[in-house]
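Chains as they are written, first to last, in my numbering: chain A, 1 to 348; chain B, 1 to 348; chain C, 1 to 348.
To be clear, the hints were calculated from the coordinates, so they are not data collected in a lab. None of these values were measured; they are calculated from a predicted model. Just so you know, even glycine gets a beta-carbon here, dropped at the ideal spot from N, CA and C. It is possible that some hints are incorrect.
Stated by the list, open to error - Chain A residues, not near chain B, derived (Cβ > 12 Å throughout):
| id | residue |
| --- | --- |
| 1 | K2 |
| 2 | S18 |
| 3 | S66 |
| 4 | R175 |
| 5 | Y189 |
To be verified - Selected chain C positions facing chain B (Cβ under 8 Å, derived; list incomplete):
| id | residue |
| --- | --- |
| 6 | W84 |
| 7 | T109 |
| 8 | P144 |
| 9 | Q145 |
| 10 | E210 |
| 11 | E214 |
| 12 | G216 |
| 13 | A217 |
| 14 | N239 |
| 15 | V272 |
| 16 | G275 |
| 17 | Q276 |
| 18 | M331 |
| 19 | T334 |
| 20 | K337 |
| 21 | L338 |
The lines below spell out each chain.
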Amino acid sequence: MKLTLKEIASWVSGELKSSTNIVIHGVAGLELATSKELSYLGNVKYIDLLKTTQAGCVLLPLEFKSRPDLGYSGPVIYVPNTQWAFVQILRGIEKEYKPKHPRGTPHPTAFIHPTAKLGKHSSVGAGCVVEEGAEIGDFSVLYPQAYVGHHAKIGKHCLIYPQVVLRENCELGDRVIVHAGTVIGSDGYGYLLQNGKHEKIPQIGRVVIEEEVEIGANTTIDRATTGETRIGAGTKIDNLVQIAHNVKVGKNCLIISQVGVAGSSELGDSVVLAGQVGVADHAKLGNRVVVGAQSGAMGNVPDGAILFGSPARPHREAMRLHALLGKLPEMYETLKKLTQERRAKSEI
Amino acid sequence: MKLTLKEIASWVSGELKSSTNIVIHGVAGLELATSKELSYLGNVKYIDLLKTTQAGCVLLPLEFKSRPDLGYSGPVIYVPNTQWAFVQILRGIEKEYKPKHPRGTPHPTAFIHPTAKLGKHSSVGAGCVVEEGAEIGDFSVLYPQAYVGHHAKIGKHCLIYPQVVLRENCELGDRVIVHAGTVIGSDGYGYLLQNGKHEKIPQIGRVVIEEEVEIGANTTIDRATTGETRIGAGTKIDNLVQIAHNVKVGKNCLIISQVGVAGSSELGDSVVLAGQVGVADHAKLGNRVVVGAQSGAMGNVPDGAILFGSPARPHREAMRLHALLGKLPEMYETLKKLTQERRAKSEI
Amino acid sequence: MKLTLKEIASWVSGELKSSTNIVIHGVAGLELATSKELSYLGNVKYIDLLKTTQAGCVLLPLEFKSRPDLGYSGPVIYVPNTQWAFVQILRGIEKEYKPKHPRGTPHPTAFIHPTAKLGKHSSVGAGCVVEEGAEIGDFSVLYPQAYVGHHAKIGKHCLIYPQVVLRENCELGDRVIVHAGTVIGSDGYGYLLQNGKHEKIPQIGRVVIEEEVEIGANTTIDRATTGETRIGAGTKIDNLVQIAHNVKVGKNCLIISQVGVAGSSELGDSVVLAGQVGVADHAKLGNRVVVGAQSGAMGNVPDGAILFGSPARPHREAMRLHALLGKLPEMYETLKKLTQERRAKSEI
Chain A
1 MKLTLKEIAS WVSGELKSST NIVIHGVAGL ELATSKELSY LGNVKYIDLL KTTQAGCVLL
61 PLEFKSRPDL GYSGPVIYVP NTQWAFVQIL RGIEKEYKPK HPRGTPHPTA FIHPTAKLGK
121 HSSVGAGCVV EEGAEIGDFS VLYPQAYVGH HAKIGKHCLI YPQVVLRENC ELGDRVIVHA
181 GTVIGSDGYG YLLQNGKHEK IPQIGRVVIE EEVEIGANTT IDRATTGETR IGAGTKIDNL
241 VQIAHNVKVG KNCLIISQVG VAGSSELGDS VVLAGQVGVA DHAKLGNRVV VGAQSGAMGN
301 VPDGAILFGS PARPHREAMR LHALLGKLPE MYETLKKLTQ ERRAKSEI
Chain B
1 MKLTLKEIAS WVSGELKSST NIVIHGVAGL ELATSKELSY LGNVKYIDLL KTTQAGCVLL
61 PLEFKSRPDL GYSGPVIYVP NTQWAFVQIL RGIEKEYKPK HPRGTPHPTA FIHPTAKLGK
121 HSSVGAGCVV EEGAEIGDFS VLYPQAYVGH HAKIGKHCLI YPQVVLRENC ELGDRVIVHA
181 GTVIGSDGYG YLLQNGKHEK IPQIGRVVIE EEVEIGANTT IDRATTGETR IGAGTKIDNL
241 VQIAHNVKVG KNCLIISQVG VAGSSELGDS VVLAGQVGVA DHAKLGNRVV VGAQSGAMGN
301 VPDGAILFGS PARPHREAMR LHALLGKLPE MYETLKKLTQ ERRAKSEI
Chain C
1 MKLTLKEIAS WVSGELKSST NIVIHGVAGL ELATSKELSY LGNVKYIDLL KTTQAGCVLL
61 PLEFKSRPDL GYSGPVIYVP NTQWAFVQIL RGIEKEYKPK HPRGTPHPTA FIHPTAKLGK
121 HSSVGAGCVV EEGAEIGDFS VLYPQAYVGH HAKIGKHCLI YPQVVLRENC ELGDRVIVHA
181 GTVIGSDGYG YLLQNGKHEK IPQIGRVVIE EEVEIGANTT IDRATTGETR IGAGTKIDNL
241 VQIAHNVKVG KNCLIISQVG VAGSSELGDS VVLAGQVGVA DHAKLGNRVV VGAQSGAMGN
301 VPDGAILFGS PARPHREAMR LHALLGKLPE MYETLKKLTQ ERRAKSEI
């Protein structure tokens, strides 16, 4: 990356205030940035870092134009939203540095069934396997060693990282990103106890991932017993997450690493599940529900509820209980004293 | 799938009650089934759904033949066990729809060491690697990109999904199913602190998976330091589960997603570990032990115990404590009041 | 393995006391060892097993030479440190039994970009993909089906098991071991809410793994947004662990299975995180911090602290609370009685 300040300023429609037009080689946080790197003030609480930063240029909010008290006198680009401007710059850099994939011709070591359909400008990497009847949309990239099962469908502009497994009949919408090692469409966990043996219930449903979903690495999403497991548009799933069979996840949810959602549960839109949360089977979480880290949610949870604990309680209650728990030793001692006094009195 | 009601009825040895012999195209739950789909009443608590279901045919228990009050007048197939009949129908459908794998000749892109032995009618998919001295049993299917290590053995009628790794010397019994991305035989986690460094303890044991075990996606089962890590016949393991080195799991256990079983622990037969449970190292769980979701079990647990909580307690006690915890604020206030009164009195 | 007692004794510089020079075929614990296997007393608490062991030879501590009361009269090799001697024997056995990998010439089914550099005596297995500008150090082994991204670097004497993914620009030091299915360098989980949509923040940083780190199977380590995610030298990470973007892990840490460390957290040296622990984002754990299984750590944790619980408290406090929790029913009853008495009195 080599960009002049002027180029960057025009990129983010910002106002450049600088006596020079130096060349920027990279980006970094205020603490780590060097004189050849661009940084930004993403949150006012870090304002003191401006006094010591070595950054070659800083993105500041427009309203800071009239503040001479920042203790920073280097080059500035003023923008309406520093975070968003920084993301745009990252995107520009990414475009340049990200490995390019040959488009249009699959890698000679990939195995592609003759009935599979490859979209225009799509890319199929080395060692990939694309089975009978599968479809890859236009501009979609399969990194090496991915597996696309029979009659599976991948939309347009998707990014499938190495060693992803998409099993038969499953479907990804447009602009979906799936990170390495993730498995979509593995059999749901279903058995029927017959004469002391767990007999397998065939899982003949599928998984549907709607558009603009991103799924982290080594995550697993099981196919439905019948019908669909479905992930709503714009939802972002982190690494090592388990989504069981027949689960429905709404739109724009955030599901952090190592969360497990058990079978047939339903999440509304904009739900946030923090790290290592468990959601019991057949639970129904309303829109905008937030569940704190390591908590266990179950049953019906109303829109907008904030839960914490295992089993989960309303967040405020859980926090109060956590604080009171710390007073348990004191409570125990007080109670002992009161009981002893009572006994002493009754003996008088 | 296209089956007449008569065909389905004969399939499950059921009694057909219908004025027509319509063609069924699929199966679904009572709520979602359309007029071309078959459904079933799996549990009496859903009996009211019969009044509104659109299903083209419903499986009902034999004892419902004399009940005119169900509010459902469409085609019925009466069977002794509706769940089991439904499973049999799913199996029939699965046989038809499941991708077929070419038998007898490995895929040309697979690498198979000349000393490896492939059973009759076995299938080795594209990009698979089968190392020196490995053995694949008759009728077993390796989906693409699986790895079978040196001298590893796979029994008969096994189903190995894409990108499974079975490391050297490990062994799978007959009719074992392993889902995509699962690793069997990775090194156990063992170090010895010597002069401030964690020196690796070689893990030269192996993993033995007995017959009819099913293992979910992206699960890990470590090889023993010496001897064996062993999973008993008929046990079913879900996705993202960790089984550490030297663990012994009994027969017909159910181990739900994201469970971790630490080193050298032993599980009896028919143990159930719910989602995200942890079992400490060197624990010994008796037969039919049940551990509730997100709980942590350790030490010796007697046959039939039901545990809950982290650290786990007997389930009944844990539930009572959970309820009493909710009363902690009230208890705290009461105690405060009592103490204040006492102080007031003593001041008099 | 076939070694005489004399050979083994000289191997570990031990003193052999035996009337014969039998041949040993393997090793095992005291309880399981047969007359052709070597065993060892690793911990004095197992001393009674010496009375019943069938082992063909036992490693004992030097100071046991003058103890005739052990109830064991078979062959003995006396060594200063039995555990360490046993590890050395395991290493000797491993060298013999471990699959050998052809060195110097990559497997013909591997795809290696012409600009990639392969070190002397390195090995690239079947189906591997080594992208543009990647580097593999001398003597390093890539098991089959591994993926090494653009400009990624692997040090010397590394061991990369099947189906590992190392994404672009990431770097492994010398003598690093990575187990099967692990993903290094997946995108960090970062989004910016803009007009109701979670906009992806490009993750253009990388991952650096220092020398002598070992990483278990199906683990995920995310690349930094900018800069580095870094794992310090000598740290050992177990299976199914999540390390988020921008995390810094110190040297010689032990991170057990299914731990999750959230974004931008820092761990000092020699930190121990037990199984299923969660570390919140932006936490800072000092040197030698220990967090108990299933606990949740956050904020600043001083050097040497021992934590337990979710959310975590100091270990001693957490253990006391756990014990007191068990007395909650009794406390509740006592409090009820006291309140009733008070009410009775006030009514008098």
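Here is what the structure says about each hint:
1. A cut-off of 12 Å between C-beta atoms confirms that A:K2 is not in contact with chain B; the least separation is 40 Å.
2. With a minimum CB-CB distance of about 50 Å to chain B, A:S18 clears the 12 Å threshold, and the non-interface call stands.
3. No beta-carbon of chain B is positioned within 12 Å of the beta-carbon of A:S66; the least distance is around 49 Å.
4. The Cβ of A:R175 lies farther than 12 Å from every Cβ of chain B, with a closest approach of about 24 Å, so its non-interface assignment holds.
5. Here A:Y189 does not stay apart from chain B, with its beta-carbon only about 5 Å from theirs, under the 12 Å limit.
6. A hinted interface residue such as C:W84 counts as satisfied when its beta carbon comes closer than 8 Å to some beta carbon of chain B; here the least separation is about 6 Å, so the hint holds.
7. Satisfaction of the interface hint for C:T109 is found here, the shortest Cβ-Cβ separation to chain B being roughly 5 Å, below the 8 Å cut-off.
8. The restraint placing C:P144 at the interface with chain B holds, with a minimum CB-CB distance near 4 Å, inside the 8 Å limit.
9. Contact between C:Q145 and chain B, as hinted, is supported at the beta carbon level, the nearest pair being about 6 Å apart and thus within 8 Å.
10. Checking C:E210 against chain B: minimum C-beta separation of about 13 Å lies over 8 Å; hint violated.
11. At a threshold of 8 Å, the smallest CB-CB gap from C:E214 to chain B is about 7 Å, leaving the interface hint in force.
12. Hint status for C:G216: holds, given a least beta-carbon distance of 6 Å to chain B, under 8 Å.
13. Contact between C:A217 and chain B, as hinted, is supported at the beta carbon level, the nearest pair being about 4 Å apart and thus within 8 Å.
14. This hint holds: C:N239 has a C-beta 4 Å from the nearest C-beta of chain B, less than the 8 Å allowed.
15. Against a cut-off of 8 Å between C-beta atoms, the interface hint on C:V272 is violated, since the closest Cβ of chain B lies about 11 Å away.
16. Annotation: interface hint on C:G275 holds; nearest CB of chain B at approximately 5 Å, less than 8 Å.
17. Look at C:Q276: its Cβ gets to within about 5 Å of chain B, closer than 8 Å, so that hint holds up.
18. Here the hint on C:M331 is kept, as its CB sits about 7 Å from the closest CB of chain B, short of 8 Å.
19. A least Cβ separation of about 10 Å between C:T334 and chain B goes past the 8 Å threshold, and the interface hint is therefore violated.
20. The interface hint given for C:K337 is broken, as the beta carbon of that residue sits about 11 Å from the closest beta carbon of chain B, more than 8 Å.
21. Because the smallest distance between the Cβ of C:L338 and any Cβ of chain B comes to about 6 Å, under 8 Å, the interface hint for this residue holds.
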